[in-house]
Amino acid sequence: MRRLTLSAWILVLLAGCNEVRQVRLTFGEEGEGLDGFLCREDDGDYLLTRAVPPGGGPVPSSLVIDFVRLGGLPGCRSGQLIRWCADHDCAVIPEHRVCLPAPLPDITGLPRPEARGRVREALRRLSGATVASEAPEEFIIVRATATLQSCDELEASPGTIAPLKEEELVGCAYSCPALLDAVEGDVYLGFDTLTEQCAQGVRVCASGNLRWRP
Amino acid sequence: MLSILRLHLLLVLLAGTASGAEPTSSMPAVTILVMGAPEARPAVHSLMELRRPGFPVALRLVALPSHAAENGDDGALLELERRLQEARRHYIDAEFSACLQSLGDEGVLTQTLGAGQRQLAARLLLWRVACHVGMGQEDAARRVAEEVGVLRLEIPADVGVLPPEVGRMMVRGAQAGMARARTSLRITSDFGPARISLDGRPAVCIAPCSLEALEGQHVLGVDAEGRQPAVQVIAARGSELEVAFTTLPATPELAASQWTAHYAGSSAALDSAGSVRLLSLALRAPRLVLLTAEAEQEGYRLRGTFALEGRVAARTERWTQPKALQETTEGALRDLLIQGHVMEPAPALYQRRDFWIAVGVAAAVAGATTAALLWKQPVRTEVGF
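Going down the list, the protein sequences come from chains A and B.
The first sequence begins at -16 in this note's numbering and counts up by one.
The second sequence begins at 3 in this note's numbering and counts up by one.
None of these hints come from the bench; they were simulated from the model.
Among these hints, one or two may not hold up.
Said to hold, decoys possible - With a cut-off of at most 20 Å between alpha-carbon atoms, the simulated SDA-like pairs for lysine to any residue come out as follows:
#, chain 1, residue 1, chain 2, residue 2
1, B, 378, A, 148
2, B, 378, A, 59
3, B, 378, A, 117
4, A, 148, A, 35
5, B, 378, A, 4
6, B, 378, A, 166
Stated by the list, open to error - Examples of chain A residues lying across from chain B (beta carbon under 7 Å, computed):
#, residue
7, 4
8, 5
9, 8
10, 178
11, 179
Note that CB positions come from ideal geometry on N, CA and C, so glycine has one too.
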């Protein structure tokens, strides 16, 4: 009887114990995933430049981390994702949105490699920040969107997804589709583009349902 | 060969001691009598010593009833012969009154006929006639002589040594007796089958039955297995007479002697209903198992009979090899006791508590093993920079 009770306790304890895994989000060792933060408008200015305070200094931006439900496992390239989401209900999971205040540097006039370094340095300050204590148990992409909207504004209506204003967007990066519970190693956030004129891509990246926009 | 073996075994068993009353026990007592091949008895003995669980009976192994048929009438017959010789001596000495006295009263005749000694009875009557003739009592002599005819006795050879007038009286009297009217006797008994004897002639019919008898006194006897014999003196008169016998149960000793007389000599009838009933009575065994083992085809043929209160309640038969004799004996015994409702049959597997406990434990072990194999520790993934 005593042995039975002990076994029952062990089972209960085992059932109550969770294995806690840590998954780290990264923009790459050299910041190679930060292309979405270095996009220029059609006039040639960085998106970040338009939000530089008049007196100069860091851009008061926020980094919104979203987990976008895919309902399956599409390919990783942006075209594949967009095509997938054309047929599937790709949507941000409301309860997993996290907004982190993340001032970004003024990179006006800086060459691209230097600008990348400055942005990378700024985002490094987020190191150690938790964006989810329990990742969704389904295939998602992790999206990091930089916006000039404040976290207070975005979190004003708890339980709802505040839309990200296109004119406030300053950067975006996303991961490949992944099941975070099964991921071994870091999750890389990046942005597919072959040109610096990628502001439109940032808007697509930040859209609620990843719809293609010509 | 088999009969010799049996005889030998019987002698061995007869030499053995039968224990007394059945042992006092909370379990039902069962008496076992083993006959036939000698190897069967040790097999039963081993079974008793094993005291197997699930065999909730107290076994008592006994030997055959050793009470030989008593010939208790011998003394009485010798006494009658002595009386006849004494009467003869008085007759020769012309002491006719003493002669008559020596022959005794009517009870002597009844006893003699009841014992089936018709010849002696005829001699008794002859000498009574002679005594009466000697005394000059012709009427009395004729009445006695008529009894010879009524009882359908043969005139004994002793008539040759008596005067001719005695012989004439005997013949005339017997003829007169035989000329009497007939009475139909309707005989019943409280226990059947009962053999009826009439005037010393054994087994003239099996009650209930009817007999024709000449008017006059007759001696009717009844003899049934397991009952004490009884004798009744009747006076046949008229066309019909009802005669009813009421018998008493036989004592164990009497039952033993009846069994010895009727069954001991015949192996074929050992396990017959009558034999088993007498054995139950003789061995004082309300629950009796009779096991008979016969050597057959390099093995043994086991026959078992179970009697409850003297009535056969179950029978079984099986063949076994010598090495499996004990197991087969146990099986036969168990079979008999179950058929006889002394023991409950072993419950089916699904009715056993242990079975369901084992199934439960096995299911629990299987479930736990499956759960252990399939169980995955829950994973929680923290995401951060």
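Structure-based check of each hint:
1. B/378 / A/148: Between residue 378 of chain B and residue 148 of chain A the Cα gap is close to 43 Å, so the pair fails against 20 Å, i.e. violated.
2. B/378 / A/59: Cα-Cα ~29 Å, so violated.
3. B/378 / A/117: Status holds; Cα separation ~17 Å.
4. A/148 / A/35: At roughly 17 Å apart (the allowed maximum being 20 Å), residue 35 of chain A and residue 148 of chain A satisfy the hint.
5. B/378 / A/4: 14 Å, holds
6. B/378 / A/166: 17 Å, holds
7. 4: 5 Å, holds
8. 5: Hint on residue 5 of chain A: holds, closest Cβ of chain B at ~5 Å, below 7 Å.
9. 8: 5 Å, holds
10. 178: 28 Å, violated
11. 179: Nearest chain B Cβ about 25 Å off; hint violated.
Hints 1, 2, 10 and 11 from the list above are not met by this structure, while the remaining hints are.
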